[in-house]
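*Asks:* Residues per chain are reported as follows:
Protein chains: 2
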Amino acid sequence: MPEATYAKGLEGVIAAETKISRVDGENGRLYYLGYSITDLVEHCDFEETTYLLLYGELPDKAKLDEFRKKMRDARDLKDPIVEMIKNFPPKAKPMELLQSSVAYLSGYVEHAIQHSGSCNCRKTLHQVVQLTGVVAGLARIRAGKEYVPPRMDLSHGANFLYQLHGEVPDAFEGEVMDDALILHAEHGLNASTFTARVVASTISTCYSSISAAIGALYGSLHGGANEKAMLMVKEIGDKSNAADYVNKVLDSHGKIMGMGHRVYKAKDPRAVIMENYLLELSKRKGNMKYYEILKEVEAVFRARMEEKGKPIYPNVDFFSGAVYALLGIPSELFTPIFAMSRVSGWLAHILEQREDNRLFRPRALYVGHDERAFVPIDKR
Amino acid sequence: MPEATYAKGLEGVIAAETKISRVDGENGRLYYLGYSITDLVEHCDFEETTYLLLYGELPDKAKLDEFRKKMRDARDLKDPIVEMIKNFPPKAKPMELLQSSVAYLSGYVEHAIQHSGSCNCRKTLHQVVQLTGVVAGLARIRAGKEYVPPRMDLSHGANFLYQLHGEVPDAFEGEVMDDALILHAEHGLNASTFTARVVASTISTCYSSISAAIGALYGSLHGGANEKAMLMVKEIGDKSNAADYVNKVLDSHGKIMGMGHRVYKAKDPRAVIMENYLLELSKRKGNMKYYEILKEVEAVFRARMEEKGKPIYPNVDFFSGAVYALLGIPSELFTPIFAMSRVSGWLAHILEQREDNRLFRPRALYVGHDERAFVPIDKR
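Protein chains in written order, with the numbering used here: chain C, 1 to 380; chain S, 381 to 760.
In case anyone wonders, no lab produced these hints; they're calculated from the structure.
Values in this document were obtained by computation on a predicted structure and should not be read as measured data.
Cβ atoms here follow ideal geometry from the backbone N, Cα and C, with glycine treated the same way.
Some hints here could point you the wrong way.
Claimed, not checked - Listed below are the simulated DSS-like cross-link pairs for lysine-lysine, each with C-alpha atoms no more than 25 Å apart in a straight line:
no.: 1; chain 1: C; residue 1: 228; chain 2: C; residue 2: 267
no.: 2; chain 1: C; residue 1: 123; chain 2: S; residue 2: 471
no.: 3; chain 1: S; residue 1: 458; chain 2: C; residue 2: 86
no.: 4; chain 1: S; residue 1: 759; chain 2: C; residue 2: 70
no.: 5; chain 1: S; residue 1: 388; chain 2: C; residue 2: 379
no.: 6; chain 1: C; residue 1: 239; chain 2: C; residue 2: 295
no.: 7; chain 1: C; residue 1: 61; chain 2: S; residue 2: 759
no.: 8; chain 1: C; residue 1: 86; chain 2: S; residue 2: 471
no.: 9; chain 1: C; residue 1: 78; chain 2: C; residue 2: 145
What the hints assert, rightly or not - Restraint ranges, calculated between C-beta atoms of paired labels, are given here:
no.: 10; chain 1: S; residue 1: 437; chain 2: C; residue 2: 6; range: 18 to 28 Å
no.: 11; chain 1: C; residue 1: 380; chain 2: S; residue 2: 660; range: 23 to 33 Å
no.: 12; chain 1: C; residue 1: 79; chain 2: S; residue 2: 634; range: 43 to 53 Å
no.: 13; chain 1: C; residue 1: 356; chain 2: S; residue 2: 611; range: 39 to 49 Å
no.: 14; chain 1: C; residue 1: 152; chain 2: S; residue 2: 750; range: 30 to 40 Å
no.: 15; chain 1: S; residue 1: 611; chain 2: C; residue 2: 73; range: 47 to 57 Å
no.: 16; chain 1: S; residue 1: 423; chain 2: C; residue 2: 370; range: 46 to 56 Å
no.: 17; chain 1: S; residue 1: 459; chain 2: C; residue 2: 152; range: 48 to 58 Å
no.: 18; chain 1: C; residue 1: 83; chain 2: S; residue 2: 441; range: 45 to 55 Å
Work out the full structure: start from the sequences and follow the hints.
*Replies:* So, in structure tokens, the structure goes:
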């Protein structure tokens, strides 16, 4: 066995090669397959972006039409899935339902249960699409309403809002939602994507791998930051309280949610886009409150950081929660929405892992007892 | 960032420190917390072994009694879980139900949904225990029979056989089943245990982490070897065909299931125990067929390997499938049984991970396109 050192949390270890996305942290850029997400948000929708992630190239019109049809055909949930949502324990958290439902969904696809390199998930797109219906369905059923069947003439994001609210959103809101899904679809080897690849490396199914990834995203160190940022906004209540709030948190060495990023040293490019959408949406809704609070938090926070010579910028989570709130989305759905977007990236990584697979099998360093003689219970 | 090299499959990388188990591959020994599994199988049952794995020490009598009561109190499945099993898609695989059910189960425990270091799973033992009921319940319901509520006076393994067959097994069969669970409960940082730790490192719940681990165990490179070994036994059919079978497989560079092990250079100590049980069980059942076929396969295989100067021994999977088959267990349950045993080890690793947690966040090496200019769809 080769010489090994202990890398806690695998820090600094390269665990995979990838062609899927690149984060240019220095310059605040994010690329999917070489295309900047700014371009993708401007020119593509979530369906086309998903094609890019799964096939590695932008589709021509015929391929895109075919792909789009396949994704839309997969939108509607079968009755047993709706039943499963209805029967879901009332106290359970939405992320648990998502994790559970993905493994459950697999039973409803003829050809998906495949332990093989050629993954049928790319062909069926079943779970990528159905997660969206599950999230919307769960929210409605928990609110005592009925499941709304999908509309086939709407973008993926607009249809989500339709299935959630039972009303077709206006064009701008539909676009914002769809673009938010694009922006969260992929971001390299984070903990959930790593989990998806580890499970895929055992030659388990796509369903198993994605279910596992949802479990990782559920962790409070991974998903959930935008929910917490929105909680902060609500706690602050008014922009006049923002400075006090930030100063108090920083003086007690607390953390402002949504500020700073491990990789981005410049502004998170997703935050730039979400901030613009938040501003426009706030104007259209005649509700500037969230925006004003966030901008005040940002200003105070950045001023204090600059005193210390540390330029720290907001990340995407800082603004996305407020955007979702203005779209009428309850905050307990923020992480599930992250999942229904990131599922495209997870699937892309699963496919990439399978193309040149090697089982992930790191070593553990044994630091426990030497051999111990067994002691009978009456002598303990 | 530190200098990094690409370790495919994380080979040779140490990803965790552990006190839970140690494999001494050179000498063919396996220790849980310093105690040899040979001692544990002789003196403890699965419940006591689970205590050892979760608390790090053997319990005194009072602690063991309390722990045993807690595990038995958690045996019975609530009606909604039985309903979930009944409604599970008929074509879906048992491992998918298991993965799904664990995430689902969490909704039925008051205090289990905790993103915190102090894991309530050790207190409730809920899912560790309930997996067994889910596996037995699934098998019965699929066979058109009713769910059998547990018996509280039987060992964990004996109760599994009772819930599966609806009849109390004889003392020896109960012991064999319980000891098989001990032998599969823990084996270091394999892919499923690594998955459990990665998900736990995000501070997700025990349920999420274990559900994810089940997804990894489902992979054909991880679980399933004993099912395949038993398939081989059935294919061979009679010991007189064994030599031909083995020679044919080896001549075409195929693999004999259950022979050899990455870590054990001597005989897998679990295989030694399972082989003895298989022999005794075969005699009691008056059915020597499986045993004779396996021993003939082993003899021919080892003779051929020794010609090449490669001593290769059977591992635990070589014998365990035949043991389960003689206990009347259908082969599609072999990997689920692995899960209902290994769950104790997974939980121990989750607890260990949480005690000194650091999010697993390895890096990916980007090997894809440089920045590409976006091409409008009508120009592609």
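*Asks:* Hint by hint, note whether the structure agrees.
*Replies:* Now the hints, each set against the structure:
no. : hint                        : verdict
1   : 228(C) x 267(C)             : 20 Å, holds
2   : 123(C) x 471(S)             : 19 Å, holds
3   : 458(S) x 86(C)              : 17 Å, holds
4   : 759(S) x 70(C)              : 23 Å, holds
5   : 388(S) x 379(C)             : 48 Å, violated
6   : 239(C) x 295(C)             : 9 Å, holds
7   : 61(C) x 759(S)              : 10 Å, holds
8   : 86(C) x 471(S)              : 22 Å, holds
9   : 78(C) x 145(C)              : 17 Å, holds
10  : 437(S) x 6(C): 18 to 28 Å   : 25 Å, holds
11  : 380(C) x 660(S): 23 to 33 Å : 30 Å, holds
12  : 79(C) x 634(S): 43 to 53 Å  : 45 Å, holds
13  : 356(C) x 611(S): 39 to 49 Å : 29 Å, violated
14  : 152(C) x 750(S): 30 to 40 Å : 38 Å, holds
15  : 611(S) x 73(C): 47 to 57 Å  : 37 Å, violated
16  : 423(S) x 370(C): 46 to 56 Å : 19 Å, violated
17  : 459(S) x 152(C): 48 to 58 Å : 38 Å, violated
18  : 83(C) x 441(S): 45 to 55 Å  : 47 Å, holds
The structure shown violates the earlier hints numbered 5, 13, 15, 16 and 17.
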